[in-house]
Amino acid sequence: MNGIQIVLITAVVLVAIYFFVRLQNSILDFLLLLAMVTAALVFIFLPDLTNAIAHRMGVGRGADLIFYLSIVIFWFVIIKLYVRIRKLEKIVTDVVRKDALNEAAREHAG
Amino acid sequence: MYYSEPLRRTFIIIPAFNESKSIGRVVAELLPLGCRIVVVDDGSPEELRSECEGNNQIYYIRHKVNLGQGAALQTGIDFALKQGASWFITFDADGQHSAKDIPALLAPLFMEQADIVLASRFLAKGSHNAPIIKQLILKAGRWINYLFTGLYLSDAHNGLRAMNRVAAHSIRITENRMAHATEIVAQIKSQHLRYREVGAAVLYTPYSKNKGQSSLNSLKIFFDLVLQKLFG
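Respectively, the protein sequence lines represent chains A and B.
Using the numbering used here, the first residue of the first sequence is number 4, and each one after it goes up by one.
Using the numbering used here, the first residue of the second sequence is number 191, and each one after it goes up by one.
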């Protein structure tokens with residue numbers, strides 16, 4: 004085992020523990036996370052495996068393949084976050100508006 | 191006066207954020223019309239309440255936090271709907287519109303010829319004195335508006351509009367920030383509202399130029415529109 008493997012494995016294990024401790028509600032989330040952690044560990048332990056897959060897909064190196072895939076995944080995550088932010092914004096707007104209207108109504112009643 | 195009764199049932203909605211320098215003047219200019227005035231203070235750090243007191247024609251509403259002009263307009267419209275308004279005007283707080291244009295905007299509504307009337311600086315008599323860069327951006331805005339809404343209007347982002355209850359009910363602004371102008375146009379189209387454009391000069395005072403949207407802002411509006419189109 005070389006240095007980068009130790010660093011990566013430690014990081015993945017720590018992140019996994021953090022999420023498994025916090026995550027209690029959804030079985031689907033649990034399975035997804037489990038699959039991702041397993042995949043990460045397998046690829047870290049067997050770097051040649053990623054190379055083999057990469058060659059099959061017409062990519063020069065396994066590391067490059069991982070890089071391309073993570074760009075796509077990050078894109079997806081950003082879009083999810085954007086949708087989430089818009090939803091939150093709508094909730095905040097509704098609350099602030101309701102409060103403003105109630106206050107105005109009270110002032111003009113009394 | 192012939193119009194005095196309908197004007198009493200007209201609510202002028204002024205979204206204001208940090209406009210303490212101009213809001214008093216704007217309100218004072220509007221009062222003689224006899225309309226009700228709704229100032230929506232969009233969470234200004236310094237409350238604008240004191241500028242809006244002393245007259246029961248004026249209503250003051252305050253957002254506790256800053257949400258954006260679109261959100262402030264919607265709050266004002268909701269309030270006026272609840273107060274039983276028959277006609278609604280949106281008016282910018284920075285003093286770039288003139289109260290004198292309001293009767294011309296309302297006339298097509300009173301005569302039942304339109305549900306919503308949009309002011310256009312390009313249809314106003316006499317040349318408008320917008321800076322060149324601003325003119326170019328507004329022209330680009332027309333086309334972008336057209337692409338997003340299917341309605342080609344001469345003035346894409348003019349804060350001065352008048353509408354009746356039908357329009358006020360059917361338009362729902364969800365774009366909190368500046369993209370609401372395009373959103374309103376899109377809903378005119380999708381709700382099949384009868385619309386009309388009326389010329390109204392825009393005064394580019396040093397103050398309003400300074401307060402108004404910077405040219406960079408139009409890029410932000412564009413991205414808001416694209417994102418909204420893609421992800422709702």
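Don't read these hints as lab results, they were simulated from the structure.
Honestly, I wouldn't trust all of these hints.
27 Å max Cα-Cα, derived DSSO-like pairs, lysine-lysine [what the hints assert, rightly or not]: (1) B:LYS211 x A:LYS90; (2) B:LYS272 x A:LYS90; (3) A:LYS101 x B:LYS254; (4) B:LYS324 x A:LYS93; (5) B:LYS419 x B:LYS272; (6) B:LYS254 x B:LYS410; (7) B:LYS272 x B:LYS329; (8) A:LYS101 x B:LYS272; (9) B:LYS379 x B:LYS211; (10) B:LYS410 x B:LYS290; (11) B:LYS410 x B:LYS379; (12) A:LYS93 x A:LYS83; (13) B:LYS211 x A:LYS93; (14) B:LYS329 x B:LYS410; (15) A:LYS93 x B:LYS272; (16) A:LYS83 x B:LYS410; (17) B:LYS254 x B:LYS329; (18) B:LYS324 x A:LYS90; (19) B:LYS324 x B:LYS272; (20) B:LYS329 x B:LYS419; (21) B:LYS329 x A:LYS93; (22) A:LYS90 x B:LYS329; (23) B:LYS254 x B:LYS290; (24) B:LYS419 x B:LYS379; (25) B:LYS419 x B:LYS324; (26) A:LYS90 x A:LYS101; (27) B:LYS290 x A:LYS93; (28) B:LYS324 x B:LYS254; (29) A:LYS90 x B:LYS290; (30) A:LYS83 x B:LYS272.
What hint numbers does the structure not satisfy? Going through the list in order, the structure violates hints 1, 4, 5, 7, 9, 10, 13, 17, 18, 19, 21, 22, 23, 27, 28, 29 and 30 and respects the others.
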